[in-house]
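The task is simple: from the sequences and hints, build the whole structure.
Line by line, the protein sequences are chains H and W.
Here my numbering is used: the first residue of the first sequence is 1, the next is one more, and so on.
Here my numbering is used: the first residue of the second sequence is 391, the next is one more, and so on.
Treat the hints loosely; a few may be bogus.
[Unchecked claim] The following residues of chain W were derived to be distant from chain H, with all beta-carbon distances above 12 Å:
#, residue
1, 397
2, 413
3, 451
4, 486
5, 495
6, 496
7, 510
8, 513
9, 529
10, 537
[As the list claims (entries may be wrong)] Now the stretches of chain H that chain W is said to cover, found in silico as 3 or more residues with beta-carbon under 8 Å:
#, region
11, 10 to 20
12, 81 to 95
Just so you know, these hints were derived from the structure itself, not from any lab.
No experiment lies behind these values; they were computed from the predicted model shown.
The beta-carbon is built from N, C-alpha and C at its ideal position, and this holds for glycine as well.
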Amino acid sequence: MRALTWHGKHDVRVETVPDPQIVNPRDAIIRVTSTAICGSDLHLYDSYIPTMHKGDILGHEFMGEVVDVGPGSTLQKGQRVVVPFVIACGKCFFCEKQQYSACDNSNPAEKADMSEVLYGYPMSGIFGYSHLTGGYAGGQAEYVRVPYSDVGPIVVPDGLEDDRVLFLSDILPTGWMAAENCDIEPGDTVAVWGCGPVGLFTIQSALLMGAHRVIAIDHYPRRLELARSMGAEVINYHDVKVREALYEMTGGIGPDAVVDAVGLESHGFTIDNMIDAVKTTTKLGTDRAHVLREAILACRKGGRVSIPGVYGGFGDKIPIGALMEKGLQIKTGQTHVQRYLRPLLEMIGEGKVDTTFLISHRLPLEDAPEGYKMFKTQQNEVTKVVLKPH
Amino acid sequence: MSSENVERALESDAPLSAAVHQRDVAHAAAEERSWREAAVVGRTVTINRPRQEVYAFWRDFRNLARFLENIESVEPRDDGRSRWRVAAPGGRTVEWDSVVTADQPGALIAWESADGADIRNTGTVEFRDAPPGRGTEVTATIVYDPPGGDLGKLVAKLFQKEPKVQTRRDLRRFKQLMETGEISTSAAPDPEHAGAAPRGGAQAQG
Ligand SMILES: NC(=O)c1ccc[n+]([C@@H]2O[C@H](COP(=O)([O-])OP(=O)(O)OC[C@H]3O[C@@H](n4cnc5c(N)ncnc54)[C@H](O)[C@@H]3O)[C@@H](O)[C@H]2O)c1
Ligand SMILES: [Zn+2]
Ligand SMILES: [Zn+2]
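In structure tokens, the structure reads:
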């Protein structure tokens, strides 16, 4: 089959690779009909995530048709499914608590050591996202093997076309969980840093959850425009001092909740020492935490901090004093995608949630390398690229 | 002097695998068994299954080869002993007989290699109820006598490079098998299938 493979910094290629096979009883094979490029994929593209191997198949946002199932799968051939980017067994303590991205079993035994050393305990597997998260082949391919297919994928009705449901795989639930983590109360103002897909879906979700106001922060005019069209007020951080603006716009109180939907890319990703970090847990690189610092300082006293933006290593100069003295609460994590699939699919069906506005480009799989380049270098115009392998 | 450190560690409620002075722990284990030397590895894992079920799976020693990476097979025999077979580098295999020395259904299994084993070893696995609704806590402790000579080098390659890593991977696999019925893998497919036409009913081996 054809698949997008990683070969190094800014070097991704569409190649012919072996077809995936059913390995375990609960597996299914999906024929991919749509797959998106994510902000998180850019971290791989920029070659800052360790434990990538040449030839690894990328892609964690995908959907398609079931073409083969193991005896333990509950799916049927021909069904259309969206697949969560988090791989979760559904049986361990964490899965039973619906903390799917903490699944104890989906990161293979021989791959989980690094995650365990870095974080104290190994995290779940993730499709197409380095060997730290299990080394699973991703979905930017014609076919993909989906483990635990009886608990992960959600079957979607034929009436809902791909563009309306594809983002259930990651960014839609991620935005939803980011807003949920704000514990929004009536009258609340929520400030969201980053108007990429995650930030935009956070804005949409926060308003649906009853936020009085959402203030969005970015510097790309096109992305800010999208934020405004969804009902947010906007701040362009190139033109305006963010903290001062937030202070003034909230009557000197500050936002009740702040969301870091940027992550360690605010000034570039710097956990280049991660592999060494595992060997010598002392010499660690630090993640660039500019947005997180700004958000913590801007947040009102007793407010909430939600961090969907990804960090991998260690943050330097996190204002722990402001955090403690102001009595802030932090909620964060890789999204527990499986938890949100059903309610969000319902809301899409009812027309309450729209995902199609985000898609700016659709390309055949063969043009994926060009898609990565565009998404990386033209962030203003390119808000989301969807690849079509079939 | 060494035993003092071990005794002090025992005053805490944690298992000896968490003791600061691991060399003393190993030394004490050797002394207890009148061995020249001993290596001790151990690990605890919580398994979201009932205690009796987890115990019974382990007690059927044939199952061990499914999740202990270095064990090729364990064959129980009529006399209560079992034959352990380990794949060693260079196509060699090492075999020995094991005798069960303690068996408390649902709680503990202990075994040791019979006289004449090339690698003297003892193992204990304990099963305790985890907090309500959380299944079973399993603690495995393996003590072995690292042999000298050629075999020693072989065994070192097998076990000693990163014995701790080996144990924790083995117990992760045990947990996966008990909880999910499978052992997680992300291994790449067989290259023979490169460019093959879309599938037709490949079945898992189960
Ligand atoms: N928690 C999860 O499970 C999860 C899931 C998906 C993505 N993510 C992460 O969420 C983050 C955003 O993802 P995305 O797809 O929207 O990425 P993206 O790269 O498309 O968007 C990031 C946006 O942040 C903006 N930005 C950069 N610096 C800023 C600053 N100082 N102030 C305000 N805005 C700034 C950029 O201009 C850009 O528009 C990434 O870190 C991604 O890895 C997390
Ligand atoms: Zn994503
Ligand atoms: Zn799980």
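Going through the earlier hints one by one, which of them does the structure break, listed in rising order?
none
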